[in-house]
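With chain Y held as given, fit chain U onto it using these hints.
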Amino acid sequence: MFGEKVIELLKESERNRETLSPFNDEKIRQIIEEMHILFKLNMNDANATSENKSLWTTVQVRHSALERNKRCLLAYLYDRINKIKTLRWEFGSVLPPDIRELLSDSEYDWFSKYSTNLATFMRSLGQDIGYSGIDLTENLRPPKSLYIEVLCITDYGKLELEDGDVVMLKKNSRHFLPTSECQTLIRQGILKQIT
Amino acid sequence: MDTEDLELSDEEEEITADVVLKTIQNLWQNERLSPEILPHRNDMVECMLGQIQHMERNINKLPKTDLRASIHKMELNRIKYIICNYLKTRLDKIEKYCITIVNDEKQRTESGTNYLTPSEFRYAQEYLLSIEHHLKETILNRVPGNMQAFEINKMAIVPALQSHVFLKANETVNGIVLEDHFGDQDEEIDLEEGSQHILQYKFIADLVKNGKVQLV
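In the order they appear, the protein sequences are chains Y and U. Numbering of the first sequence is given in my numbering, commencing with residue 6 and proceeding in unit increments. Numbering of the second sequence is given in my numbering, commencing with residue 122 and proceeding in unit increments.
It is possible that part of the hints are untrue.
Partial selection, computed: residues in chain U whose CB lies under 10 Å from chain Y [stated by the list, open to error]:
(1) 170
(2) 181
(3) 203
(4) 238
(5) 250
Calculated lysine-lysine pairs in the DSBU-like style (CA-CA distance at most 35 Å, straight line) [as the list claims (entries may be wrong)]:
(6) 333/U - 118/Y
(7) 149/Y - 185/U
(8) 275/U - 257/U
(9) 217/U - 197/Y
(10) 209/U - 182/U
(11) 330/U - 90/Y
(12) 275/U - 185/U
(13) 149/Y - 257/U
(14) 275/U - 88/Y
(15) 16/Y - 257/U
(16) 118/Y - 227/U
Think of the hints as simulated: they come from the structure by calculation, not from any bench. Virtual Cβ for every residue (Gly too), placed ideally from N, Cα, C.
Just chain Y, with the same shape it has in the complex:
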């Protein structure tokens, strides 16, 4: 049956709505192969039946299958693009290696482009009034309180705060830090909010 593989592909990403699954290069290759076979059959039939129209229905059906495969493949990529986008907002411009592996080369290229584009945009904010840009990824959640209690999960070393104080972040130590300064560290998994 035509178009079955492509549905499997879409179901796969539908099952993991929140998380990114590895790029399914093999399946995509198979689908594109199927498309080439269909295309060839169509070409043969279309050429053979320029007078005899009895095969036209078959050609039509194959053509719809081709269109459908194309559409679903693009949908699969687009869905992944949306997931990759959230990665940029969560992790910043550098992806952890285990996540990097889930992306295809072309997707990684796209990620870098997206990242650069976003960075350029954020730098341009408020430039006219002498601002050096705003990091939109820093204020993703509404601020609840100025300081939060955090637990340090790994040995990080010294952290210099905005006001010049230096805090030593050691594994399993607890700190009371300004919310704005530990957001990035929390997202990177170095600190954990415990209040």
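What follows is chain U alone, placed relative to chain Y:
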């Protein structure tokens, strides 16, 4: 908020920081609730950013243990959040409706009524290009010959302008025509100042853009 140390001394027009903040809050609310992207108000955003800078300097003069410092800081963080979220909401829309927005914006730039700031527009174009490149490289260049086209019109996502929104009238507006899709029974209604309604967005889109109604 303490308006005293916030007063703007703009020579061109006198406008207090309070008014700017209120405007930004309204803009933010509208942007989050409307299905399509609204005209940018970069002037307000930049004005507020300048204000933040000014206030931050003032706060730094206070001793760290001063209670006022932390209250002001909290307030600043809230304002920053509003601005960031406002800008991010716009970015999200730009990304989602990329093709539609870039096309519309090209026409709007010609008539001088652009909705995006120059950097937003650049962002939208770059974004669209990068997607097109990625799709071509991964799929389109590998499929049979006559299917390789990047069909931009088929890919476009159009904002749902017919969706319903809650709104409040800032001033009295008379004679809004509600078209009837199925029959010819168009209806005309008046919005009284302060009244609240649920209407389809497309009928009141212009009123949102010129500030006569507020989405709630």
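Hints, verified against the model:
1. A distance limit of 10 Å between C-beta atoms decides the matter here; for residue 170/U the minimum to chain Y is near 4 Å, and the interface restraint holds.
2. Because the beta carbon of residue 181/U sits about 9 Å from the nearest beta carbon in chain Y, less than 10 Å, this interface hint is met.
3. Below 10 Å, beta-carbon pairs count as interface contacts, and residue 203/U has one with chain Y at about 9 Å; its hint therefore holds.
4. Below 10 Å, beta-carbon pairs count as interface contacts, and residue 238/U has one with chain Y at about 8 Å; its hint therefore holds.
5. This hint holds: residue 250/U has a C-beta 8 Å from the nearest C-beta of chain Y, less than the 10 Å allowed.
6. About 40 Å separates the Cα atoms of residue 333/U and residue 118/Y, which puts this hinted pair outside 35 Å; it is violated.
7. In summary, the hint linking residue 149/Y to residue 185/U is supported, as the alpha carbons are separated by about 20 Å, within the 35 Å threshold.
8. A threshold of 35 Å between alpha carbons decides the hint, and for residue 275/U with residue 257/U the separation of about 15 Å falls inside it, so the pair holds.
9. Annotation: proposed proximity of residue 217/U to residue 197/Y holds, straight-line Cα distance about 32 Å (limit 35 Å).
10. Annotation: proposed proximity of residue 209/U to residue 182/U holds, straight-line Cα distance about 31 Å (limit 35 Å).
11. For a cut-off of 35 Å, the pair hint linking residue 330/U to residue 90/Y stands: about 29 Å separates their Cα positions.
12. A distance of roughly 58 Å separates the Cα atoms of residue 275/U and residue 185/U; the hinted pair therefore is violated under the 35 Å criterion.
13. Distance hint between residue 149/Y and residue 257/U is unfulfilled; the C-alpha atoms sit about 44 Å from each other, more than 35 Å.
14. Pair hint residue 275/U plus residue 88/Y holds up; C-alpha atoms about 21 Å apart against a cutoff of 35 Å.
15. Distance hint between residue 16/Y and residue 257/U is fulfilled; the C-alpha atoms sit about 23 Å from each other, no more than 35 Å.
16. Taking the CA atoms of residue 118/Y and residue 227/U, the gap is about 23 Å. The hint holds against a cut of 35 Å.
Violated hints for the displayed structure, listed by number in ascending order: 6, 12, 13.
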